[in-house]
Structures are given as structure tokens and as C-alpha cells.
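Please assemble the complex out of the two chains, which come individually in their own frames, going by the hints.
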Amino acid sequence: NAGVTQTPKFRVLKTGQSMTLLCAQDMNHEYMYWYRQDPGMGLRLIHYSVGEGTTAKGEVPDGYNVSRLKKQNFLLGLESAAPSQTSVYFCASSLEWRALETQYFGPGTRLLVL
Amino acid sequence: DAKTTQPPSMDCAEGRAANLPCNHSTISGNEYVYWYRQIHSQGPQYIIHGLKNNETNEMASLIITEDRKSSTLILPHATLRDTAVYYCIVFPRGGGGADGLTFGKGTHLIIQP
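Taken in order, these protein sequences are the chains called A and B.
Residue numbers for the first sequence follow my numbering, beginning at 755 and rising by one.
Residue numbers for the second sequence follow my numbering, beginning at 1403 and rising by one.
Next up, chain B with everything else stripped away, as it sits in the complex (with noise of 0.2 Å):
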């Protein structure tokens, strides 16, 4: 079973933010928040992780609540570009041992024009 929840579908104008919520409420302490994105027919994309500050970087932002229960994707400016399923994972990182990574179901983002 995956160890987070996200919401199965969400649009969103071009040009404004996109926010994507994810429930992690079982969320072990050494294990980060990673966010990835599939776009039809590629391979995974990494976009961000963090462990419990907010981060941001080229392509997104993360907001980790405090308790670490739950968190945001926050994709400041879509473009229709960003029409992709987007991936919120706990994962321990460096460890994890052999095992997979459970994607879960994802959002669906859909960019309106």
C-alpha cells in the first residue's frame, strides 16, 4: 500500500499556481518527502524533496507542515508543459534497501489554457 495520499485529479489555469496537496501521516523520521512528475509516455522526473524545512528550487517549491504529516507541491507559474502525473513519495533517503518506489496513484495535473 502507498504510504501517502494525493487527490486523483486537478486543474489548473496557465500562468497561475498550481498547488498539490499529499497526506503523509504515517511518515517515518528519517524518511524525506520527494516529489516526482510523469509526463505521458517519459520516464520519472525528479523535481524537489525535503525532510521537514520548506525547500525551493528551479522548478518548484515544498511546504512541509510542521508536523511532517503532510505537504505542497507548489508549481509558482504553470505552463501547459506541466500537464503530468505528479508523484509524492516517502522515502528514506540513501536507504531504502532493494525495494521499489511506491508512486502510488498520483495526481493527475491538467493546465488549462
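Only chain A is shown next, with the shape it has when bound in the complex (with noise of 0.2 Å):
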């Protein structure tokens, strides 16, 4: 049991490129998350899933495109990088809506846009 899978863990992109950030979990959870954290600044969410096939945008989604086609995935996509994208990135899933104690993080994307 692997709980939640990110990939890649660090990646270096310029300015306009593009990118996937995949994030995998082995929980059967319903719900998955992105976020962002940034320097002294909490969790900012991205997008969200509420089941396979369906995303919502969350507070910060501007610059972010979302897929779920299966249930155990959750791909963040960026069309065009830009450096205010520079950020550690975190996937989550939970088994519940917003009930934060069954909520699992993976261990994080650190992107850096220049």
C-alpha cells in the first residue's frame, strides 16, 4: 500500500513550457486534491475531484488545467509555465469530503519555473 504517488519529484521548467504532474493513489479514495505551499504560506487549493470524471476548480486555479479519467489518478497540468507557478506542489485523497483526518498527502513536487 503505497497511499499517494507523486511524479516527478523536482523539475526545472522556462517560461512558457508545459507540463503534467501526475499523482496516483491506492486507497480506492474518492476525493483527490491539488495544492500548492508556498514559502511561509499555507495550502492553497488548486483543483479538486469529487469522483472519476468530474473536477471542480478550488480558491487558486488561474494557469492549471485538471484531469481524472480513472479514479486512482489525478493529473495537474500546467499549458504554459510561468515563474509565480514556482511552488511545491502536493496531491491529496481522502475517504470523506474535507474530513481532514482521512485525508493523505504524497510527498510533493518542487517545480521550479525560470
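It is worth saying that the hints were derived from the structure and are not from the lab.
This one's a predicted model, so the numbers in the text were calculated from it and none came from an experiment.
Treat the hints with caution; some may be incorrect.
Said to hold, decoys possible - Under the rule of at most 30 Å between Cα atoms (straight-line distance), these lysine-lysine pairs were calculated in the DSSO-like manner:
#	chain 1	residue 1	chain 2	residue 2
1	A	K825	A	K811
2	B	K1507	A	K811
3	A	K763	B	K1507
4	A	K811	A	K824
5	B	K1454	B	K1471
6	B	K1405	A	K811
As the list claims (entries may be wrong) - Some chain B residues judged to face chain A by a derived CB distance under 7 Å, without partners named:
#	residue
7	P1410
8	S1411
9	C1414
10	Y1436
11	Q1444
12	G1445
13	P1446
14	R1495
15	T1504
16	F1505
From the three backbone atoms N, C-alpha and C, an ideal C-beta is built for every residue, glycine too.
Encoded structure:
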């Protein structure tokens, strides 16, 4: 049982490049989330999904897109990276909607946009 | 702005109890107190939560004051692996819409050998 895994662990992009971050969970959770964490700040919700085939915007969705074609995977895409998207990205999944005690986080992806 | 206030850092000797305070004077009636920790370069890890009663699990104990305006996380026998940043969060369990988790700056707990 690996929990929540994220790939890649670290990536450097040039402004304007695109990339996809992959999140996978093996706990059969319905709910999945993408957050970003910036120095000295909390976790800001980018997008979330309440089930396979559904996605919704969080509080900071601009510049990102997501897809959840399979229940266990949640992809975060950056179509045209900007330096403001330099951050640590965390994926999470939960058994119940926003019941934090059931929410598990992945190890994070560090993204540097030059 | 974070809804909680925590000391920026604390030291504790290995094997002793670590007591981490948190003030949340504006907590609403439907908001729970959650504690997370984040070990360097890892994702946040849930520790414990409570509404108004004291709680205990295999990791820690949570003491919430009667007026719910503050709480204390207790790690009964701290080990070096407990060195991390600890975040106190108030959050409406099962609610909160699509807002993020306002962690604030947390307390950097350093366990000394």
C-alpha cells in the first residue's frame, strides 16, 4: 500500500513550457485534491475532484488544468508555465469530503520556473 | 490571515513530553481543531483532531480549553523523528467549500538528543 505518490519529485521549466504532474493513490478514495505551498504560506487549493470524470476549481485555479480519467489518478497540467508557478505542489486524497483526518498527502513535487 | 497563533519555534529534550500551544480565539462553533505536522521536504501528515473534548490517539493527545479558544498538542515521549513543523488548523469538518487549508506558519519543534 503506497498511499499517495507523485511524479516527478522535482522539475525545472522555462517560462512558457508545459508539463503534467501525476498523482496516484491506491486507497480507493473518491476525493482528490491538488494544492500548492509557497514559503511561509499554507496550502492553497488549486483544483479538486469528487469522483472519476469530475473536476472543479479551487481557490487558485488560473494557469492550471486537471483531469481524472481514472479513479486512482489525478493529473495537474501547466499549459504555459510562469515564474509565479514556482512552488511545491502536493496532491492529496480523502475517503470523505474535506474530512481532514481521512486526507493523505503525497510527498510533493518541487517546481522551479525560470 | 491565519485563524490560529502558534509560537514560531520550540525545543524539547528527547524522551520528554512536548507541549505545543495554539490560540484560536475566533473559532466558530462548527470548526474542529486539527493538528498536522510536516517533516522537512515531505507532505503534511495528520496527527489528531477534536471539537471540544480532549482526544488521544497513538501519536498524541489534544487538550482543548473549555471555551475552545486555545488548545495544546502533547507528544508524550518525543523522539528525534518528531522534529518537524507542527500546524494547528481550525476547519469545519466535511465543509469548508473549496477553500485551501490555512496552515499559518506553525511551530518548528526541534527535539534535542
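| request: Using 7 Å as the Cβ threshold, decide whether P1410 of chain B counts as touching chain A. | output: violated (11 Å)
| request: With chain A as the partner, please determine if F1505 of chain B meets the hint condition of a C-beta pair closer than 7 Å. | output: holds (3 Å)
| Within a Cα-Cα threshold of 30 Å, do K1405 of chain B and K811 of chain A meet the stated pairing? | It holds: about 23 Å lies between the C-alpha atoms, which stays within 30 Å.
| Restraint check for K1507 of chain B with K811 of chain A, where alpha carbons must lie at most 30 Å apart | Answer holds: K1507 of chain B to K811 of chain A is near 25 Å, not above 30 Å.
| said: Can you verify the interface hint for P1446 of chain B: is its Cβ closer than 7 Å to any Cβ in chain A? | reply: It holds, given that the least Cβ distance between P1446 of chain B and chain A is near 5 Å, below 7 Å.
| query | Can C1414 of chain B be said to touch chain A, with a Cβ gap under 7 Å? | reply | Since chain A brings no Cβ nearer than about 23 Å to C1414 of chain B, farther than 7 Å, the hint is violated.
| Given Q1444 of chain B was flagged as interface, is its beta-carbon under 7 Å from a beta-carbon of chain A? | Status holds, d = 6 Å.
| query | Does G1445 of chain B meet its interface restraint, that is, does its C-beta lie within less than 7 Å of any C-beta in chain A? | reply | holds (3 Å)
| said: So, as I understand it, the hint says R1495 of chain B touches chain A; can you test that by seeing if any CB pair is closer than 7 Å? | reply: For R1495 of chain B, the interface hint holds, since the closest Cβ of chain A sits about 6 Å away, which is under 7 Å.
| Satisfaction of hint between K811 of chain A and K825 of chain A, Cα-Cα up to 30 Å | holds (18 Å)
| query | Is the straight-line distance between the alpha-carbon of K1454 of chain B and that of K1471 of chain B 30 Å or less? | reply | holds (10 Å)
| query | Given Y1436 of chain B was flagged as interface, is its beta-carbon under 7 Å from a beta-carbon of chain A? | reply | Holds - the Cβ of Y1436 of chain B comes within 7 Å of chain A, reaching about 5 Å at its closest.
This entry does not satisfy hints 7, 8 and 9, going by the numbered hints stated previously.
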